[in-house]
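These protein sequence lines are chains A and B, in that order.
Positions 1 to 97 (the numbering used here) are the ones given, in order, by the first sequence.
Positions 1 to 151 (the numbering used here) are the ones given, in order, by the second sequence.
Treat the hints as calculated values from the structure; they're not laboratory data.
Mixed in with the good hints, there may be bad ones.
[What the hints assert, rightly or not] Here are the simulated distance ranges between beta carbons:
hint, chain 1, residue 1, chain 2, residue 2, range
1, A, E42, B, E130, 18 to 24 Å
2, A, A69, B, A9, 38 to 44 Å
3, B, D92, A, A69, 26 to 32 Å
[Unchecked claim] Sample of chain B residues facing chain A (criterion: CB under 7 Å; computed from the structure):
hint, residue
4, L48
5, M53
6, V58
7, P91
8, G93
9, P95
10, T97
11, S120
12, V124
13, V128
14, R131
Computed from a prediction, not measured in an experiment: that's the story for all the values here.
Positions of the beta carbon are idealized from the N, C-alpha and C atoms, including for glycine.
These are the residues of each chain, in order.
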Amino acid sequence: MTAERTVTVSHEVGLHARPAREVVDTASGFDATVTVGRVADEGHAEHDDSASAASLLELTALGVGTGEAVRVRAEGPDERDAVDAVADVVAGTGGEA
Amino acid sequence: MTPIPVTSALVTLEDPPADPTECVELLLDLAVDAGRVTDRAAVRDALLERESMGATGVGMGVAIPHARSPAVTAPTVGFARSTVGIDFDAPDGEPATLLVLLLVPESADAEHVDLLSSVSRGLVDPEVRERLATAESETAVVHTLQEVLAQ
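One chain only, chain B, in its complex shape (with noise of 0.2 Å):
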């Protein structure tokens, strides 16, 4: 059976490193170690090559990592967020407070673009990312990334 895409393990309240690359290594971290990845190396490549073709930050305080690779076991989304901001080149020059990993298998083409549109039109919502802001608990965060996922 395949795994829901965000746990509590997959969620981090505590303040990433602000160096957006070591940023996205942390959030794969995450990820490794809920089990969603084969090959740390691989999926890190991945996601750096993605950050080196123009980097995720979609502005809004929002950055959006992403890969798709073999070695990632299932659609997998994690979550951090930063008190000061990460410069992930957003294209309205906010720096990210809300950073949102998504990683999919290598067979889940359609999938990907879905998970990143489903989850990019949560975060459209002024509402959805003062909830995900504000969350007290990893939980919080989860139940509000679990609707937005259902949407």
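If we strip away everything but chain A, and leave its shape as in the complex, we get (with noise of 0.2 Å):
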């Protein structure tokens, strides 16, 4: 089973710096494992990569900027509460995209 939600990156500087920082924070505080990919990206085999949320580097390399839309996925037993509290971090917002 895998958990996704599709979010609005709200953050003003992007997916990057702080906003990075606590998604990793948050992801790693579950077993499930957390992936952040680019929705715009999906079907181009070129770009079609997805980040782990636990690695900053990762994350950093995706280079999300404002108002992009990004999906999350969670795949392990704490998957839905994973993806919610990630999403949420992710967008920014604390609520839906």
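Both chains are given apart, each in its own frame, so use the hints to dock them into the complex.
As structure tokens, then:
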């Protein structure tokens, strides 16, 4: 099973610096494996990468800017809680995109 | 003409100071000596302000101190590596052994994000990290970084 949510990044700096660090801290608190991918990249073989939400380097590499839509996926025993917690931090709103 | 972001003058294979701030200063000196910075104090402040917002240790032994400033003349990549590792407060707790400085001019907002993400994307690759860790010359480091930037 996989849990997923799509959210829009509202952090002014994008998914970078402090917001990215918060994502890593949040994702690290769950057993589920959490990934973040840019929705616009899906289906483009060349760019269809997703980042481990537990890796600041991978999140930085993703280079998501403010206003971009991303898909958060989680797989593992606590995937529902993990996807909700990480998606909220990714969005920066504490709620739905 | 805009100079290429990384040259051998911007790379050192000598061990930097183990203190993160002193290490950032050493990387900055490479950029200053290479003529990429018009006001060292201003760029120093921008780099240290960014570190204070959350240190730039991104894990996997990598730190990417970076800043955007009007005192930077062209997009610039600097490099040093540490044998002991430097505490850049990475989330995975790993000390940084690969230290990559990124500087961009004030005007280059999109370029800043692009440079940061392309360098990060390159460094996610364990082979790239290995090549940077074991390079025996500044030129070899420059070649690896240029390949990363070209992707």
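query = Of the hints stated earlier, which fail here?
reply = 1, 4, 8, 9, 10, 13, 14
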